[in-house]
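A.B. asks: Take the sequences, apply the hints, and build the full model.
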Amino acid sequence: MIKYLNPSYIFNLTGKILNLVKFFIIPIIIVGIIFSLFLSPKDYIQGDVVRIMYVHVPAAWISLLSFGTLSLLCIINFIFKIKSVTLVYKSLAPIGLTFNVIAIFTGSVWGQPTWGTWWAWDARLTSMLILMFFYIAFILSYKFIRDPINSSRICTGISIAGLINLVVIKYSVIWWSTLHQPASVNLTGETTIHISMLIPLSVMLLAFLLYCALIFLMKYRIETIRVKKKGIK
Amino acid sequence: MNLEILFMNGYGIYVWSSFIFTFVVCLYFYLKTKKTLKKLEKNFIKETETLSKIELENLKKQKVVREILVSHSKN
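The listed protein sequences correspond, in order, to chains A and B.
First residue of the first sequence? That's 1038 in the working numbering, and the numbers climb one at a time after it.
First residue of the second sequence? That's 5 in the working numbering, and the numbers climb one at a time after it.
Keep in mind that the hints are not guaranteed to be accurate.
[As the list claims (entries may be wrong)] Okay, derived cross-link-like pairs now, BS3-like style, lysine-lysine, Cα gap no bigger than 27 angstroms in a straight line:
#	chain 1	residue 1	chain 2	residue 2
1	B	K50	A	K1120
2	B	K46	A	K1180
3	B	K38	B	K50
4	A	K1120	B	K36
5	A	K1207	B	K43
6	B	K42	B	K57
7	B	K46	A	K1120
8	A	K1120	B	K38
9	A	K1120	A	K1266
10	B	K42	A	K1207
11	B	K39	A	K1180
12	B	K46	A	K1266
13	A	K1118	A	K1266
14	A	K1059	B	K65
15	B	K50	A	K1180
16	A	K1059	A	K1118
17	B	K43	B	K65
18	B	K57	A	K1267
19	B	K46	A	K1053
20	B	K65	B	K50
21	B	K57	A	K1059
22	B	K36	A	K1053
23	A	K1267	B	K36
24	B	K38	A	K1267
25	A	K1266	A	K1180
26	A	K1180	B	K42
27	A	K1267	B	K50
28	A	K1120	B	K65
29	A	K1053	B	K42
30	A	K1207	B	K38
31	B	K46	A	K1267
32	A	K1180	B	K57
33	B	K42	A	K1059
Everything labelled a hint here was simulated from the structure, so no lab data went into it.
C.D. replies: Okay, structure coming up:
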């Protein structure tokens, strides 16, 4: 177990996985685009505009997943003080923020033809916007607070508060009457989306996940080199 | 070329702008990250060159440093 937490082992592994991800990502993105723009059917109510779902939904999922993961890592780091965990959450946060912005933008573009407005102060939309502020606060905390103990404490505080917001995002469509539709894909319950739409959605999710892995591995290497550079000075 | 693919019954502007925005943001983020990584690796190598032989040997005892030096020379 100790071996797997060793920074040199992880650094070496990131290089190997990076090459593997680079090999698969382009074909999967191309397949995803072909499926979602050309092969998937139109929605019987929304028509072609439903295709926005293939970028909006995976982006929103990844943004939520990233925040959930970094919150968990912050708590682990707060309790056990593992250096490599700090590097992981620092590498993960910008990815989550990027996908959060993509989800908000594409959601807004989707809202105009379906709801007749670019933005509404609806529970789901507002809680996603709040998540963006949590991401920004989190990134600013580790970038500008020099003292690592203080920075770690503040990051943990922000991530725990953000976790509460994640619960609000998840249940906002159930607790309040919202413009946003309830979830069509459920891991535990019934999935109401048709297989002809679920396949492109899954391919795009895989493409986005591979992209996340690519950026995450590069970011992890950046953070490791930064730490080592400080050691030279 | 089938213009239907482009116009999508009037929804083309919404669909294409969403996809283009997503891919432009992702591409920009990827290029920016790649550039930062290359720059940092280069700077790291430069800094190790300014060290004395003993300091460099001590630094190379750290496995991560060896990995960084090896990965940079591969690229």
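A.B. asks: With reference to the structure, classify each hint as holding or not holding.
C.D. replies: Now the hints, each set against the structure:
For the given pair, K50(B) sits about 26 angstroms from K1120(A) by alpha-carbon distance, which is consistent with the 27 angstroms threshold. For the hint linking K46(B) to K1180(A), the alpha-carbon distance of about 22 angstroms falls within 27 angstroms, and the restraint holds. In summary, the hint linking K38(B) to K50(B) is supported, as the alpha carbons are separated by about 18 angstroms, within the 27 angstroms threshold. Between K1120(A) and K36(B) the CA atoms are separated by roughly 25 angstroms; this keeps the pair inside 27 angstroms, and the hint holds.
For a cut-off of 27 angstroms, the pair hint linking K1207(A) to K43(B) is broken: about 40 angstroms separates their Cα positions. Annotation: proposed proximity of K42(B) to K57(B) holds, straight-line Cα distance about 25 angstroms (limit 27 angstroms). Among the hinted pairs, K46(B) with K1120(A) is consistent with the structure: their alpha-carbon atoms are about 24 angstroms apart, no more than 27 angstroms. For a cut-off of 27 angstroms, the pair hint linking K1120(A) to K38(B) stands: about 23 angstroms separates their Cα positions.
At roughly 15 angstroms between alpha-carbon atoms, K1120(A) and K1266(A) fall within 27 angstroms of each other, so this suggested pair holds. This hinted pair does not check out: K42(B) and K1207(A) have alpha carbons roughly 39 angstroms apart, beyond 27 angstroms. With a CA separation close to 19 angstroms, the supplied pair K39(B) and K1180(A) stays within the 27 angstroms bound. Straight-line distance between C-alpha atoms of K46(B) and K1266(A) comes to about 11 angstroms, which keeps the hinted pair within the 27 angstroms bound.
A threshold of 27 angstroms between alpha carbons decides the hint, and for K1118(A) with K1266(A) the separation of about 21 angstroms falls inside it, so the pair holds. Distance hint between K1059(A) and K65(B) is unfulfilled; the C-alpha atoms sit about 31 angstroms from each other, more than 27 angstroms. For the suggested pair K50(B) and K1180(A), the alpha carbons sit about 24 angstroms apart, so the restraint of at most 27 angstroms is met. As the CA atoms of K1059(A) and K1118(A) are separated by approximately 32 angstroms, the hinted pair breaks the 27 angstroms bound.
The hinted pair formed by K43(B) and K65(B) meets the criterion: a straight-line CA distance of about 23 angstroms does not exceed 27 angstroms. As the CA atoms of K57(B) and K1267(A) are separated by approximately 19 angstroms, the hinted pair is consistent with the 27 angstroms bound. Distance check on the hinted pair: K46(B) and K1053(A) sit about 20 angstroms apart at the alpha-carbon level, within 27 angstroms; holds. Between K65(B) and K50(B) the CA atoms are separated by roughly 18 angstroms; this keeps the pair inside 27 angstroms, and the hint holds.
The suggested pairing of K57(B) with K1059(A) is violated, with an alpha-carbon distance near 37 angstroms, which exceeds 27 angstroms. Pair hint K36(B) plus K1053(A) holds up; C-alpha atoms about 21 angstroms apart against a cutoff of 27 angstroms. Of the pairs offered as hints, the one joining K1267(A) and K36(B) holds, with about 22 angstroms between alpha carbons and a cut-off of 27 angstroms not exceeded. Between the alpha carbons of K38(B) and K1267(A) the distance comes to roughly 21 angstroms, so the proposed pair stays at or under 27 angstroms and holds.
A distance of roughly 16 angstroms separates the Cα atoms of K1266(A) and K1180(A); the hinted pair therefore holds under the 27 angstroms criterion. This hinted pair checks out: K1180(A) and K42(B) have alpha carbons roughly 20 angstroms apart, not beyond 27 angstroms. Note on K1267(A) and K50(B): the hinted pairing holds, with a Cα-Cα distance of about 14 angstroms set against a maximum of 27 angstroms. Of the supplied pair hints, the one linking K1120(A) and K65(B) holds, its CA atoms being roughly 19 angstroms apart against a limit of 27 angstroms.
Distance restraint check for K1053(A) and K42(B): the Cα-Cα separation of roughly 17 angstroms lies within the 27 angstroms cut-off, and the hinted pair is therefore satisfied. Distance hint between K1207(A) and K38(B) is unfulfilled; the C-alpha atoms sit about 34 angstroms from each other, more than 27 angstroms. For the hint linking K46(B) to K1267(A), the alpha-carbon distance of about 15 angstroms falls within 27 angstroms, and the restraint holds. Using a Cα cut-off of 27 angstroms, the hinted pair K1180(A) and K57(B) is violated, with the two alpha carbons roughly 33 angstroms apart.
Taking the CA atoms of K42(B) and K1059(A), the gap is about 16 angstroms. The hint holds against a cut of 27 angstroms.
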